[in-house]
Structures are given as C-alpha cells and as structure tokens.
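Trainee: Here's the letter readout for the chains.
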Amino acid sequence: MTGITGTILETVLTTAFAVADPAAEAAGHAGAHGGGHGATSGGALMALIPLLPLFGAVLVGVFACFNEKSKLPAYATVGLLAVAFVLTLITYLGWNGHDPIQVRLWDWIGLEWGSGGVGQTLDAGFAFYFDGLSLLWMLFVTGLATLIGLYASEYMEHDAGLGYCRFFGAFNLFVFSMSCLVMGDNLLMLFLGWEGVGLCSYLLIGYYYKKKAAVDAGMKAFVVNRIGDLGLLIGTLLTFTTFGSLEFTELFATIGHGSTASGAPLDATWQVWAIPLLLMMGAFGKSAQLFFYVWLPDAMEGPTPVSALIHAATMVTAGVYLVARMMPLFVADTQLIALSVVTWGGAITAFWAATIAMAQYDIKRIMGYSTISQLGYMFFGLGVLATTGGVFHVFTHAFFKATLFLSCGAVMHGFAGQLDLRKLSGLWKVPGFKIVVIAMLIGCLNLAGFPFTAGYFSKDMILAEAWVTSDSTIWGSSWAGWLMLLTAGLTAYYTFRVFFRVFVGPVEYHPGDDLHDHADDAHGEDHAHDAGQHGDHHADHFHPHAPKWAINLVLVALAGGSVLAAGLYFVGDHHGWAGDMVHASSAHFDPAHIGDHSAAVAGVGDAVAGGESHAGDAHAGDTHAAHGTILGLDPHKYMYYISAIVGFVGIGVAFVLHFAGRTEAATSRADSLARAMEPVHTWAERKWYVDEFYHFIIVTPLKVISHLFHWFDKLVIDGIVELFGGVPKASSESLSPATQTGVLHDYALRMVAGVAVVLVVVAIVLY
Amino acid sequence: MTTMLVLTILIPLLFAVIVLVRPPEAAKFWALGGTSVCFLLGAMIVGRFFSAAGSSTETMQAVASLEWLPALGLNLSIGVDAIAVLLIALALLLGPICVLASWTAIPTDRARLFFGWLLVLQAAMVGVFAARDLLLFYTCFEFTLLPMFVLINEFGSTNRKRAATKFFLYTFTGSLIALAGLVYAAWAVATRASGADLGPGGFTLDIGVLTQYASAVLTPGEQGLVMAAMLCGFAVKVPLFPFHTWLPLAHTEAPTAGSVLLAGVLLKLGTYAMYRFVLPLTPVAVYEYAPFIGVLAIIGIIYAGLICWVQRDIKKLVAYSSVSHLGFCVLGLFALNTSGITGSVLYMLNHGLSTGALFLLVGFMYERYHTRDMDQIGGLAAKMPVWSFFMVFFVMASVGLPGLNGFVSEFLCTMGAFTSYTPWTTDELNGMVGATWGPLGPWFGVAAGTGVIIAAIYLLYMTSKVVWGTLNEPDGHDDDHSPLPIDLGGREIATLLPLAALCLVFGLFPKQTLIDAVEAPINEQIAFIQQRVTEAPLRDGTLAAEAGSPTSKASASVLNESSNAAGRNVGVKP
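Order-wise, the sequence lines are chains H and G.
Heads up: the first sequence begins at 3 in the numbering used here, then just goes up one per residue.
Heads up: the second sequence begins at 862 in the numbering used here, then just goes up one per residue.
Worth double-checking, as some hints may not be accurate.
Computed footprint of chain H on chain G; a stretch qualifies when at least three of its residues, placed anywhere within it, have a C-beta under 8 Å from a C-beta of chain H [claimed, not checked]:
1. 888–895
2. 1140–1146
Label-pair ranges, simulated between beta-carbon atoms [claimed, not checked]:
3. G:LEU927 / H:GLY756: 49 to 59 Å
4. G:PRO931 / H:MET753: 38 to 48 Å
5. G:ARG1173 / H:PRO267: 55 to 65 Å
6. G:HIS1338 / H:ASN69: 20 to 30 Å
7. G:ALA913 / H:TYR696: 34 to 44 Å
8. G:MET865 / H:THR123: 54 to 64 Å
9. G:PRO1359 / H:TRP690: 31 to 41 Å
10. G:GLY1062 / H:ALA755: 45 to 55 Å
11. H:ALA755 / G:ALA887: 30 to 40 Å
12. G:ASP1236 / H:PRO703: 54 to 64 Å
13. H:ILE707 / G:LEU927: 50 to 60 Å
14. G:ASP1336 / H:PHE293: 23 to 33 Å
15. H:ASN69 / G:THR1331: 17 to 27 Å
With a Cα cut of at most 27 Å, we get these calculated DSS-like pairs of lysine-lysine [said to hold, decoys possible]:
16. G:LYS1244 / H:LYS705
17. H:LYS73 / G:LYS1244
18. G:LYS1022 / H:LYS213
19. H:LYS639 / G:LYS1326
20. G:LYS1022 / H:LYS212
21. H:LYS214 / G:LYS1022
22. H:LYS705 / G:LYS1022
23. H:LYS436 / G:LYS1022
24. H:LYS71 / G:LYS1244
25. H:LYS212 / G:LYS1326
26. G:LYS1244 / H:LYS716
27. H:LYS731 / G:LYS1244
28. G:LYS1022 / H:LYS689
29. H:LYS716 / H:LYS213
30. G:LYS1177 / H:LYS716
31. G:LYS1326 / H:LYS431
32. H:LYS212 / H:LYS689
Simulated from the structure, these hints should not be mistaken for laboratory data.
Note that the coordinates shown come from a computational prediction; the quantities given were computed from them, not determined experimentally.
No residue lacks a Cβ here, since even glycine has one placed at the ideal position from N, Cα and C.
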C-alpha cells in the first residue's frame, strides 16, 4: 500500500516539479521540437489544463461547505479557466506543428495476460495526447468556458449560495471532463471524458431541480446518451480485439499498415465497417443526430449559459471530434460504408431539425434545433471527406452559436424568462439592449451564412465538397448536398425569423412568469430577496432588466470572436488555420487515395508520424484534375455564389413574412401562410410527434415488460420457491396425526426408509 | 501477521461477550471499539501483506494450522491470498461504519442483542475469507446466517419474521447441498489421489490440497454434479437469477446495518466461494456449462434491472440492483480470462462500497421519514443537500461512471465476456488478437452491455424521484420531534466519507491499488483451469488441446462421461 501511495505521489510531484522548473521546461520544449513522442514538460503544462478545472470543482465544493454567498465561486472558476486557456495557448505556441505530444500521468486500467504481447495487454493510461485536432478543440473549449463562466457569474447571481456553488462546481467538472475527452490518449480516457460530460450535462440540465420538466430532461439526456454509449463501448471492445490496443498512436500505426494486429488485411474483415458504425452510434448519441436527437431540445431546460457552453459549443461537438479522431479507421474501409451513413445521417438530421426550428415559438428551442441542424452539417462534412470544413464549422459554430444563446439568455434574464417570440418585439429600442441586439445580429448573420461571415466560409467548405466527392465514393453525396443546400435556405429563414420578430420592429414586450427559474437551495431568504426584486413583474410597470457589464463584455467578446473567426479561413497553408490543424492530426488523410486502400492508409500513417506534408488535403481536391461539378460548374469556385444566393433568399423570405408591415408582436404575415399549410405547420410545431412515437414504441413497451417481469418474479419465481418451502410444512401437517405415534421403533423404521430413499437417489444419479 | 489475522476473528467475539455483560447503554461504544480495533488490525494486515516483496502477493500468507481431529483430517487452518485479504479489509471497514450507522436507530434496551450479534457476524465473515480449511470455511459460511437471522428477525421492519425465515431456510438449504458436493470432492481426493498429502487420517479438507487434486481425480461427469451441488449453495448466496427472490425481501426488511453487510459482504461469500471452489475444483464442468451460467447472469442483469424500474420501495430497488450488478460479477468470473476474473474480483469490492453506501443513505432517510415509499417522499435536495450530494455520488458510482470505481469492474467484466473466445472459434472471427481463451463470446459482452443503459434508467429514476423535484414528505412528518438533524450529521457523514474516498481512489487508481495486487493469483488460477480443461478427455477420446480444428468445436463442448479419468493425472502437480 505504501508503494502505491508512493507511485501516485511521485507522479504528482514530477508533474508539479516539471512545471515549476523553467530549465526543465526549456529542455522539454527542445525535446518536443526534436520530434520526440515521449512526455515532455510541454506535456506537463498540458496536464495542468484539465487539472485546473478539477481543482476548481474541489475549491467550489469547499466554498459550498462554508456556505459562501458571494460571487467568489464564479470568480475563482473564471480565474482558473482563464489560466487553463492561457496554458492551452502556451502549449499551442510552443508546439512544433506536427508531432503529437503525449504525457502520461499514471497507469489507469492496465492488465496483462498470456505472454503480454500484442492483444494480451490492456494498457489505458491516465494520459493525454495533443495534436492539431485536440489543440483546436481545447482552444475554444477553454476560451469559451472562461467567457461563459464570466457571463454566468452575472446570469446566475440570484442563486448566490448553494445553488451558485452547485452550478460552478458542475461547470468546472464539465471543463475537466471535456478536456479528458478531447485530450485523452486512448479510447478509455476518451470514454472517461465522454461519460463525465454526460454527468455534468445531466446535473446542469436539471439545475432547476424543482421543475419536473428540467429533471426529466436531464434524465432523458443521460439515458439517450447511454444508448449511444453502448455502441461506443462495444466499438471500443471490438477495436481492442481487432487491433490489440486502445492507444491512439498504436492504433493508428496498426491501421496504417492496412491490417489487423494479427496481420489479416483490413479490407477483408467485417470489423473495418462495423467498428466505425459502432463508434458513430456513440457519436450520434452525444451529438444528437438521427434517432438520438430528441434529448437536445429538452436540454434547453438548463440555465442558458449551460445551453451555450455544453449544448451548443462544446459537448455536443464531441461526436464530431470522435469521428474526426478515428478518421483513419473510417477511411480504411474501401467501401466507405460508415462514412456514407455519417453523410446521410448528418444530412437528414440537418434538414429534419431545420423544419422543426421553422415552426417553433420558443427562441431558445429554435436555437436548440438549430444546433442539431448545424451538427448535422458537421457530420455531413466529415462524411463527404470535407474534414477540414467539418472541423472549421465546429470552431466557427462554437463562437456564433454561443453568441446567439447568450444573447437569448440576456433577453430571458431581462424579461423574466420570456422566450416566446410572439410576446417580444423591437428590443433594439429598449434601453440597455443595444449590445445584445448587435451581438444577436452578428450571430444570426453567421448562422444564416451571410457572405464573408465565418459561418459562411465554414459552411461553404462543407457544401462544395458534396459535389467534389463523387456519388460513387460516398453514396449519393451530391443528392445529400442538394438537401443541405435547401437546409441552408431554411436556416437563413428561421434565423432571421427570430431576429425580425424579436429584435427589431415595433416595441412590445410581455414579461415571462418565472423568477429566473429559481432553484432555492433550502434558503428561504434567496426566494424572498428575489420576490422583492421582481415581485412586480406582472404589474403594468414592468421594467426590463438590462444586462450589466459581465454579460455585455462577454457578448462583445464573443461577437468579436465570431467575426474574427472568418479571418482564420485566409491564413495557413492547408485551406485555413483549421486545415493546418487537421493536417497535423489523425483526421488527415489523402483524398486522392480514398478507395485505393493501401495508399490511403499510407497517408494516414504519415499524418500520424507527422511526416512530410502531402500535396492534397481534404479540401485540396482542386489540385486534382477531375472532380465532380455542380450544374456543370466547379463547386470550389461557384459554391460561394450559390450558397450566398440561397442565404439571401432565406433572409428575404423572413423579411417579407416577419418584418415588413408587422405592427404587433403576436402576429405577422406568416400566420396566414401557416394556416394555409395546415396540418403540416402544426405537425412541425409539435416536432413531428417524434417524442410521442418513441414513447409509444420504446418507453411504454419497456415499462409494460418491466411490470410483467415484476409480477412474474413475485408470482412465478418466488411462487415456486414458496411451493418448495411449503412442502415440509404441508407434509408434516397432513401426516402428523398418523405418524406422531410416540413409539420409538416407528421413528427408527421411517428413518431407515428415508435413508434408503436417499441412497437410491444417490445411486441413480451416480451410475 | 498470522496473529493479527487470528485476532481479527477473536477480538469481535471477545467484544461480543463484553457487550453482553456490560450495561446496554455502553453496548454501542464497546461495539465501536471492537470493530475499530479490528479495522486497524485489518489495515495493518493489508499493509504488511502488500509491503512484503512483490512476488509474495502470489502466495498464501499468514498461514497457520491448528490440529483438531487429526484422525479425521480435520484441522482449523487459516491463510490469505491477495483476494481474501482485500475482502477481509472490506468486511473490517464496513464493521465500524455499520456500528456508527446504527448509533441512534437501535433502542437502548435492545442494544446488547444487536451489537453483540453484529460483532459475531463480523468474526464469521472474516473467518470465511481467512479459512484455508473446508471445515472452518463451511462453519463460518453457515455461521454468518445466524447473526443475520437475528438482526433481521429482531430489528427489521413489519414483515421481518417472514423475511428472516426465508433468508435462513433458502440459503441454508442451498449450502447443505453445496457441502455435499464439497465433501464428495474431498472424498474423491482422499480415495483416488496418490500423491496428495492427506495427513495421518488419510483424509483431508485442506483447501489447497483439494483444489490441486480434485479436478484431476473427478471425471468430467462427476465434476458436473459436484459443480451443480456447489452452485446450489453459492448461486443462491450471490444471488444468481432465478435464485434471487429471498434477497429483495431480506434487504427490505433488514435494519440498515444488516442491509449494508448483506450487500457489502455476505453476497460476496457466494462469488468468493465460486472463485475459491467452483472454478478450481470443477474446471472442466465450469468450462462446459459456463455459457449456461453466463446466460443466467445476463438474464439477471436485464431482468432485475427492469424490475428495479417499477419499484416504489426504494430499498427494494437497491436490493434488485444488487441482483443486476452481481450478474456482471458472475459473468466476469465465468469468462475464465484475466480481464473477466479481475473485473469480477474488483466488482466484489466495488459493489460492496457503492451499494453499501446506498443502503446507508436509504437508512438515514428512513430514520428521518419512516417510509421507503418513493411516492411519499421526494425532492430532498432542497432540504438535505449533503445527503443529496452523497446520493448522487454513489448513484454515479453504481451507474458505472468512469473515474469512479464501478466503471472499472464493469468494464473489465464486460470485456472479459466479450474477449473470451474458445480457440477454435477465433478463425471465424478473423483472427482477433485481443481474443483470449475462454467459454463465452462477444454476444455475452454485448448483452451485458445493455445493463449499462438499464442501470442508468433505474438509478436515475430513483434519483429524480427522491433527490430532485418539489419537496414531498410523508403526512404528519415533523422535523422538530426528531432527535436527528435535518440534514446528515457529522456521525453520518463520517460513515460515508471513507466509502466515497475509496470509490474515487479505486476509480482513478485501480491498477495501483487493486489490479496489480490481484493479478498474479488470478493468472495462476486461470493457467491451472486452462491446463485442466485442455487435458480433459473428449467424447471421441482425444484431448481438447489436440483438437484445434473448427469441426471439433461441438465435440469439445460435450465432454465424455464414460472415459473414466479416475486414474489420470493423479499426483500431477499443475
């Protein structure tokens, strides 16, 4: 036992020492530039990134123990997260741009059997792995978490006390888990983060735990995610049995050889498509795609900063990360079966969610459906081999969707929880909301794909590739592309429907009916304070509660980030900064060789080794002479125009239907159109009754089966036991008057008879 | 160390006597003292055991033997390996926790009865794990029933008499049949094994000797019967579906300390006995029937999990969850590979911690509200934040959240089942390198994996009813007339904190704390089983080891009964 403690202590001390010692650090950097794969002190810094928020969670827990009522938990959180962000930045700047950095803190789950060779060791370290992909994710995860933490310090101020601590504790734990997910060095570490973010999501969706809807939504999110997780878990096990390892570097090296660990050619195996499909199941669960999306709209029950950070910017993109991370496996299949499914899964989800978003009235839910739709774009991008586009869209979407959510949150905060777009109008003219409206506008322009915004470029990169990649490579990719183009138009429409209804037009507002969705942690005083402040909100003289410095500052920063993100499209050697990052990660492959197995995996192997740069990357198809066209035009050149036109049409329709000639909040020209489209409009508003359908085909039958099992257990299984238990009693009762003679030799006789019976039985059984 | 081990059995008995002769007011203090001393001894045993040179963790330590009736080969001998020592530590840790948890719940006038039997129970539990001799093992195994019977029968809730009787009779009947099987194996060794050290009486019950020779002298047919007999006892104890119906009843009616020890330690007697006896005594039969037992385990996982979901009684829910969870434990054990058995052994410890803690929490709630009905109680987060924190924490440990202990064992058990392929099936599976020798297959892993979803459903259902929502208290509940604080007090937190800390440590450092400790004896055990199975004669007279082709798959699993192996392998050391 002392040995164990010693090891742990040693690990911690080594890490701490490496950070504290600048000399060692410098040496470590030199090592990293030398191309070493081992743990460097850059790695030690890196290891602090997840540990800081973990420490933050503990710290906030201590505050909770002392019943801290100030905003201290929030500021401590923001401070630690800011340091984590700076550390990420330092790691990024000190990184040589191609070699993955690895650092192992301690052995987590490790086993050895047989001779301990390949496939006979399970070695999952508590270890981190940093390449372009994880860096890109970590930069926006820590950056956005810092900003949104600051925003939440004001947004959650009415819950100061235990609720505040609960919020920021889970918030910190989330950043820790997300870091483990993104920086995990093996599939089990990824799974640790994966489940950890699921827990935090559960806790934060159900933050207002007195609301049944919030509690149910949290549970729904966790359970639906777990169904996907089963796929991920089995995919992980199958990966292990096939490749003999769960560590990314070993895994990619084996896949790079185009064979399983036992030397069988990958092409001939069924695992080559089964594993990607299983992993995809996990990804679709976490990222709310296809059959799994139902949990995300309900997750909007959580506080808005949570919706912005977890359910828009970061956690829900974990599925995209998983597919991008495991890209070598997805492209190892010459048939590209899994990628075709990813393409169509993403496309159908994007379209489906957009149709629902068009008919909703709750602006936060619209943003929720929009997130599902945009995640569909990202998967679609990965599917049609536009890896760079997909990943870049993750990055830009993180900024503009966070901006949108936080703007909606500011509205919600200011109007006592009002989110119905029929009850709010013309916020531009409400004092104190100028910054909110401008931020909202920037977010909407990005989401709608307005020319020269970041969202425009990232979406364009994805869309163009649908036609570049031939229909035979990815099954029907151009058809899916048309669906996505249509969805782009719908997106522009529903985005500006919100903007034209709520933020401009005639001034009119009706406050919502809740007190900031308060969770009063057994502290009556909180409630009293709140009632005092907002008690009059139903009265005629309701005053909107304009955001203060924290919210405004964060909105400005995020809106600025959304704008600046567009610039990243123009820097770098491989189609933007995101392209560079993808190029230096496992997500990189050479599209020229897709379908030609041996060459494709060779490219993968090089990318992992950080070898020489390749001529083509995912988006660099234009260097190859022949690729697909859209209406006879080169998609790389003309998609800019086509998607811009589609975006304008969507915005224009929204302008005509929801802005022009609108005189009050509740009605617009769209109403008559909606009436004309019945019952389709109602169905869309009712979310196509998918929840009811699931309830009918899954939940109810399962519940019925459970009840049947319960009664079966009680009556049949326990009944049989009781029957056996009843035999001695019944027999003794029935026999007692006749047999209890009191004569000794009667008993002796019966005893002999009994022994004889036993012996006969034994004899029969044995011979 | 031997002395310390003996003391951990004797000290509770001594304190039980003291409790009986001292006034009732002092009973709980003496009980706390006794269990605390034992816990410290236990900590020292663990420290000594693992600080001894690394290789010694493979072997038995603290071995001692006391001759009792040498003419009949009856000794009282003790000794522990890594697995036994960890389970002893678990039992000793739960000792003082149980005393503290019962501090206010037991009326003073009956405290002597309660704490006296609690101490006896503790001695018996340690005795089971420390026994190296069948006589001592069986005596202690059965002697755990008596104290538990008293605890349920005297201190349980309304339906306690029936629960106690059923618990006692069901498990006792099963164990008798198990004893018959064990004695048969001992008799076979005494009459057929030539090289065995049988002692002066020509008959031995030494576990080491039995496990070494029994599998060689028993024919496959006999092994099947002996295994069936042993499982009659041990499967009931675990409990494995469909022998589980005594458990929900006993758990529901038992006092908190009883439930904690029942879930934490007594159920593990079943799985421990499977590991200690069923696997090494009858490896051929185990290999042959493992798929059948695996199916029962999986049915248990899914069936009991779904039943949990429709419970109204929170204690019954947690009880059924034990049935579901131990399905994983049995599944891993019968996967017969390193990850499976390691996962199973870890599961024994981890389940003891997390489910033990859940029973404590339910007990604390019951002490305040006197109801277990989840329709009458809810939304406690608003009133009892500390209680709610621990509840969510241990629910997550139980759900199998990575980073906490439950995940490690659940993952390893599932992986064990998933990767456990017979050598002649791997061809069909494209030469999977991660596949290991074993009787189960990937579908067992997949089916068990659904348990992960079901566990989330029922445990979160419980959490959303009891922890979240608007505050709901039973009619007539009055905080002012309760001697207990509204939220958990220091004493109650003190019972939960060590369990929570261990859940974290075993979740984050499983390799350093547990896996490395148990790996060597487990691999030794597996090598032994593997050798015995591959040497076993098949129906066509060949050996399984020689039959490598896929066509012999069918014949390999049907072992020949007629080829009498009585003389084979006798005296061959594994």
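Trainee: Now tell me if each hint is right for this structure.
Mentor: Here is how each hint holds up against the structure:
no.	hint	result
1	888–895	violated (count 0)
2	1140–1146	violated (count 0)
3	G:LEU927 / H:GLY756: 49 to 59 Å	violated, 36 Å
4	G:PRO931 / H:MET753: 38 to 48 Å	violated, 31 Å
5	G:ARG1173 / H:PRO267: 55 to 65 Å	holds, 56 Å
6	G:HIS1338 / H:ASN69: 20 to 30 Å	holds, 25 Å
7	G:ALA913 / H:TYR696: 34 to 44 Å	violated, 57 Å
8	G:MET865 / H:THR123: 54 to 64 Å	violated, 36 Å
9	G:PRO1359 / H:TRP690: 31 to 41 Å	violated, 51 Å
10	G:GLY1062 / H:ALA755: 45 to 55 Å	violated, 32 Å
11	H:ALA755 / G:ALA887: 30 to 40 Å	violated, 54 Å
12	G:ASP1236 / H:PRO703: 54 to 64 Å	violated, 23 Å
13	H:ILE707 / G:LEU927: 50 to 60 Å	holds, 55 Å
14	G:ASP1336 / H:PHE293: 23 to 33 Å	violated, 44 Å
15	H:ASN69 / G:THR1331: 17 to 27 Å	holds, 23 Å
16	G:LYS1244 / H:LYS705	violated, 31 Å
17	H:LYS73 / G:LYS1244	holds, 23 Å
18	G:LYS1022 / H:LYS213	violated, 41 Å
19	H:LYS639 / G:LYS1326	violated, 57 Å
20	G:LYS1022 / H:LYS212	violated, 39 Å
21	H:LYS214 / G:LYS1022	violated, 39 Å
22	H:LYS705 / G:LYS1022	violated, 32 Å
23	H:LYS436 / G:LYS1022	violated, 72 Å
24	H:LYS71 / G:LYS1244	holds, 18 Å
25	H:LYS212 / G:LYS1326	holds, 11 Å
26	G:LYS1244 / H:LYS716	violated, 35 Å
27	H:LYS731 / G:LYS1244	violated, 49 Å
28	G:LYS1022 / H:LYS689	violated, 54 Å
29	H:LYS716 / H:LYS213	violated, 35 Å
30	G:LYS1177 / H:LYS716	holds, 13 Å
31	G:LYS1326 / H:LYS431	violated, 45 Å
32	H:LYS212 / H:LYS689	holds, 25 Å
Hint check: violations occur at hints 1, 2, 3, 4, 7, 8, 9, 10, 11, 12, 14, 16, 18, 19, 20, 21, 22, 23, 26, 27, 28, 29 and 31; the rest are consistent with the structure.
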